[in-house]
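**Student:** Listed here are the chains, written in short residue letters.
2 protein chains.
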Amino acid sequence: MRNPEKLCRQLGYEFKQPELLDIALTHRSYGSRNNERMEFLGDAVLGYLVSAELYRRFPQASEGALSRLRASLVKGETLASIATELELGDYMSLGSGELKSGGHRRRSILADAFEAIIGAVYLDSGMDNASRLVQRFFDDRFSRVDPDTLEKDPKTRLQEYLQARGNELPDYQVVATEGKAHEQRFRVECKIGTFDATVVGEGTSRRKAEQAAAEKMLQALTN
Amino acid sequence: MRNPEKLCRQLGYEFKQPELLDIALTHRSYGSRNNERMEFLGDAVLGYLVSAELYRRFPQASEGALSRLRASLVKGETLASIATELELGDYMSLGSGELKSGGHRRRSILADAFEAIIGAVYLDSGMDNASRLVQRFFDDRFSRVDPDTLEKDPKTRLQEYLQARGNELPDYQVVATEGKAHEQRFRVECKIGTFDATVVGEGTSRRKAEQAAAEKMLQALTN
Numbered sequence: 001m002r003n004p005e006k007l008c009r010q011l012g013y014e015f016k017q018p019e020l021l022d023i024a025l026t027h028r029s030y031g032s033r034n035n036e037r038m039e040f041l042g043d044a045v046l047g048y049l050v051s052a053e054l055y056r057r058f059p060q061a062s063e064g065a066l067s068r069l070r071a072s073l074v075k076g077e078t079l080a081s082i083a084t085e086l087e088l089g090d091y092m093s094l095g096s097g098e099l100k101s102g103g104h105r106r107r108s109i110l111a112d113a114f115e116a117i118i119g120a121v122y123l124d125s126g127m128d129n130a131s132r133l134v135q136r137f138f139d140d141r142f143s144r145v146d147p148d149t150l151e152k153d154p155k156t157r158l159q160e161y162l163q164a165r166g167n168e169l170p171d172y173q174v175v176a177t178e179g180k181a182h183e184q185r186f187r188v189e190c191k192i193g194t195f196d197a198t199v200v201g202e203g204t205s206r207r208k209a210e211q212a213a214a215e216k217m218l219q220a221l222t223n
Numbered sequence: 001m002r003n004p005e006k007l008c009r010q011l012g013y014e015f016k017q018p019e020l021l022d023i024a025l026t027h028r029s030y031g032s033r034n035n036e037r038m039e040f041l042g043d044a045v046l047g048y049l050v051s052a053e054l055y056r057r058f059p060q061a062s063e064g065a066l067s068r069l070r071a072s073l074v075k076g077e078t079l080a081s082i083a084t085e086l087e088l089g090d091y092m093s094l095g096s097g098e099l100k101s102g103g104h105r106r107r108s109i110l111a112d113a114f115e116a117i118i119g120a121v122y123l124d125s126g127m128d129n130a131s132r133l134v135q136r137f138f139d140d141r142f143s144r145v146d147p148d149t150l151e152k153d154p155k156t157r158l159q160e161y162l163q164a165r166g167n168e169l170p171d172y173q174v175v176a177t178e179g180k181a182h183e184q185r186f187r188v189e190c191k192i193g194t195f196d197a198t199v200v201g202e203g204t205s206r207r208k209a210e211q212a213a214a215e216k217m218l219q220a221l222t223n
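Here the protein sequences line up with chains A and B, keeping their order. Those letters in the first sequence? Residues 1 to 223, per full-length UniProt numbering, in order. Those letters in the second sequence? Residues 1 to 223, per full-length UniProt numbering, in order.
None of these hints come from the bench; they were simulated from the model. Note that CB positions come from ideal geometry on N, CA and C, so glycine has one too. Some clues are possibly wrong.
Straight-line C-alpha distance at most 20 Å; calculated SDA-like pairs for lysine to any residue [claimed, not checked]:
id, chain 1, residue 1, chain 2, residue 2
1, A, Lys75, B, Gly47
2, B, Lys6, B, Ala176
3, B, Lys152, A, Glu36
Label-pair ranges, simulated between beta-carbon atoms [claimed, not checked]:
id, chain 1, residue 1, chain 2, residue 2, range
4, A, Ser72, B, Ala220, 44 to 52 Å
5, B, Asn129, A, Arg185, 54 to 62 Å
6, A, Gln60, B, Glu202, 46 to 54 Å
7, B, Gly126, A, Lys208, 33 to 41 Å
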């Protein structure tokens, strides 16, 4: 386990009680004095800070758009990326079993540790410093998100469009796959019984082809 | 719609910007200037405040216990009870369709409005006053919750106990029902194949009888 000096520089925060950082970096596999409670607290602090910032930044965004933006910002994948930038795995205390199975690289463990660090800063010196920490790592991300581009995906929109009108739901079927394993292309047919309508979408995965087909169907129905 | 004077007395809070309270009390069916965004914000503020308070009050509680306590405190049913005490429905602006269908009594609408009020107080004067408001309505509830009694139910615990040991899961079967419709008693057998173990639980519903059987089985396995 590395000395956390560099980590504190990257966090831009000096702990008055360094033992709080120790706990934040201790996985439950290491012992009973671990970061689980701090993660609970950090998760709630982060949820509030991100919600309040989104509320301020996007005065025109609907509640639904705000919820989707928040979900995209606080999801495990985002937190794990930050934790990886910080090389949190190098500073963590893990039980021997987790160590052997590569737990210090497991993304959920890293994401949880980053939340625990937010909790530790909050406990060490309150909400203002927790807010500074979150700003430091989320400021770029706040600037990049856009309530308009975070629309629902085409399949969801198509389903909602049809449900709202009491129509049958679409059926998706792969009609062709082309190319070798790592460069496959999928063709998916989207069919809605009641309309006798069929369109075909293409993509590099089944999911993408379905989304492309749903988008085409939406255009066909709404034009 | 009632004048909100009495409501403000009950909230123990005087708005500097009374229009924020107006918005908090406006359902989306009434118009585009409604409480949805404020509810988003209030929900996050409440989540943080309740989490921080539970963290402080229960230094020994596990993360799992804290999560369950929080869920029990911020669930819609709890918020709707508070909203009903406050008679929020009487103060709300709803669209005519919602009014006719009794929307001012619908519990989800009331719960959302209470969260929006927390958001409105936060916007009007910051976290300290939002915290005071939450304390005012949750203080009793905080005192009543107990991490030990909010344990997982016996069926869940039995399942987790067995899964952790790689054992077969239990099978529940009603072996007898006695009494008339409104005073029935159920007897349920809980069986685990690998242990050749069988116990019987009783209760006034199938669910209760299953829980009683699971509890007995847990005792049998752990004693």
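**Student:** Hint by hint, note whether the structure agrees.
**Tutor:** Do the hints match the structure? See the list:
Using a Cα cut-off of 20 Å, the hinted pair Lys75(A) and Gly47(B) holds, with the two alpha carbons roughly 17 Å apart. Between Lys6(B) and Ala176(B), the direct Cα distance comes to roughly 55 Å. Violation of the 20 Å bound is thereby established for this hinted pair. With a CA separation close to 18 Å, the supplied pair Lys152(B) and Glu36(A) stays within the 20 Å bound. Separated by about 48 Å at the C-beta atoms, Ser72(A) and Ala220(B) satisfy the suggested range of 44 to 52 Å.
Distance hint check: the CB atoms of Asn129(B) and Arg185(A) are about 58 Å apart, consistent with the given range 54 to 62 Å. A hinted range of 46 to 54 Å is violated for the C-beta pair Gln60(A) and Glu202(B), which are about 59 Å apart. At about 45 Å, the beta-carbon gap between Gly126(B) and Lys208(A) misses the expected band of 33 to 41 Å.
Figure legend: structure checked against the earlier numbered hints; hints not met, in rising order: 2, 6, 7.
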